[in-house]
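Asker: Below, each chain spelled out in residue letters.
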Amino acid sequence: MDAEAAKELGKLLGAGLSMGLGAVGPGVGLGIMIGKALESIARQPEVAGDVRTNMFIGIGVTEAVALYAFVVALILIFVA
Amino acid sequence: MKHTWRWIIGLLVLGFLIALAIIPGGKEMEFEVAAEFEREVLITLPTIGPFDLSVTKTVAYLWVALAVIVVLTIVVARSLKVQPGRFQYAMETIYELARDGIVGSVMKSGKKQWFPFIGGVFVFILVNNLIGLLPLPFGEHHQPAFYAATANLNVTLMLALFTFAFTHYAGVRKNGVVHYMKAWAPPGAPPVLKQMIWFIHLISEFFRLISLSVRLFANMVAGHAILAVFFAMALIFQSYLVGLALQGASVLIYMFELFVAFIQAFIFAILSAVYIGGALDQDH
Chain A
1 MDAEAAKELG
11 KLLGAGLSMG
21 LGAVGPGVGL
31 GIMIGKALES
41 IARQPEVAGD
51 VRTNMFIGIG
61 VTEAVALYAF
71 VVALILIFVA
Chain B
81 MKHTWRWIIG
91 LLVLGFLIAL
101 AIIPGGKEME
111 FEVAAEFERE
121 VLITLPTIGP
131 FDLSVTKTVA
141 YLWVALAVIV
151 VLTIVVARSL
161 KVQPGRFQYA
171 METIYELARD
181 GIVGSVMKSG
191 KKQWFPFIGG
201 VFVFILVNNL
211 IGLLPLPFGE
221 HHQPAFYAAT
231 ANLNVTLMLA
241 LFTFAFTHYA
251 GVRKNGVVHY
261 MKAWAPPGAP
271 PVLKQMIWFI
281 HLISEFFRLI
291 SLSVRLFANM
301 VAGHAILAVF
311 FAMALIFQSY
321 LVGLALQGAS
331 VLIYMFELFV
341 AFIQAFIFAI
351 LSAVYIGGAL
361 DQDH
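Taken in sequence, the protein lines are chains A and B.
According to my numbering, the first sequence is numbered sequentially starting from 1.
According to my numbering, the second sequence is numbered sequentially starting from 81.
So here's chain A without its partners, still in its complex pose (with noise of 0.2 Å):
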């Protein structure tokens, strides 16, 4: 394999691994915080727009992590 190609398939690999290994961590974070959400919701249906704004923010915060590994994935494909 000459040294383009080895490039060519670093870049891809490399886009491909951090998109996928950086969607595990706020895929499971997103999970617990919206179902704890859920949770308090059922028990306390009261506070239900309280905890759904609050619950708003806390997805906001945590899928940027995501977004941040699917930016470097597209640095990796079209700038590096």
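Derived by calculation from the structure, the hints in this document are not laboratory data.
Everything numeric in this text was worked out from a predicted model, so none of it was measured.
Among the clues, some could well be false.
[Said to hold, decoys possible] Taking beta-carbon pairs under 10 Å as the criterion, some of the chain A residues facing chain B (in silico): (1) A48; (2) G49; (3) T53; (4) F56; (5) I57; (6) E63; (7) A66; (8) L67; (9) F70; (10) V71; (11) L74; (12) L76.
[As the list claims (entries may be wrong)] From the derived model, a few chain A residues whose C-beta atoms are all more than 12 Å from chain B: (13) G31; (14) V65; (15) A73.
Ideal Cβ positions, reconstructed from N, Cα and C, are used throughout, including at glycine.
We have chain A; now place chain B onto it with these hints.
Answerer: Same frame as chain A, but now just chain B:
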């Protein structure tokens, strides 16, 4: 009798699907996802210093969003009624969501002062995201194409810079520079640890800028890339059957993107409100 009809319809659908699978697809076409995000220059203007004043696709989309917002708000403000119609009700829902759902639920003081900025950011991002889901004739050779102004890091970074500047402006104006900066570290901590915490907080302030802008940008880019792949995969597979299945799936993705467009505008606005509210009422 009823069952016979079911059998006939089932066989017809099956035959249709088999026919779709047998018929070869249309002519082969090249497809490049990245082409959607290229910034084509529509009107070339001179460069003054470091600023290129040319009108690109992104600028055109921002103007379209601006025009939509201005027209919508003028129309709804001209025809306010006590008994709201459907259109006025929809606009009032957005206004109430921004006032009570975003500003009212996370800010303690300065609600009235900061509502115009946060509500404005919410509506601006929402309209920009939704316009990104309409095909507009800004593509290659003026073909209808998908693009969103918020799928450009320059636009989202500018919006995040506004939030960043307003956060510190609000904090400094209410608490004074020294008091505002002092409150970044907890008062009870030992001296060396306190300096370290203060420094970490300083870094986190700049990371807010990155996370706010990159979140919106990456969400829109990822959504549009997935939509483009689903719309165009039929061209690659050369089969009407795959095309039919993918068009069905792309409708679902499109509806999910509508949800994402709304949720991202909501999250950007609510995080802006959280940051500005945190600078106004420092709890430690």
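Asker: Which numbered conditions among the earlier hints are violated in the structure presented, ordered from lowest to highest?
Answerer: Of the numbered hints, 1, 12, 14 and 15 do not hold.
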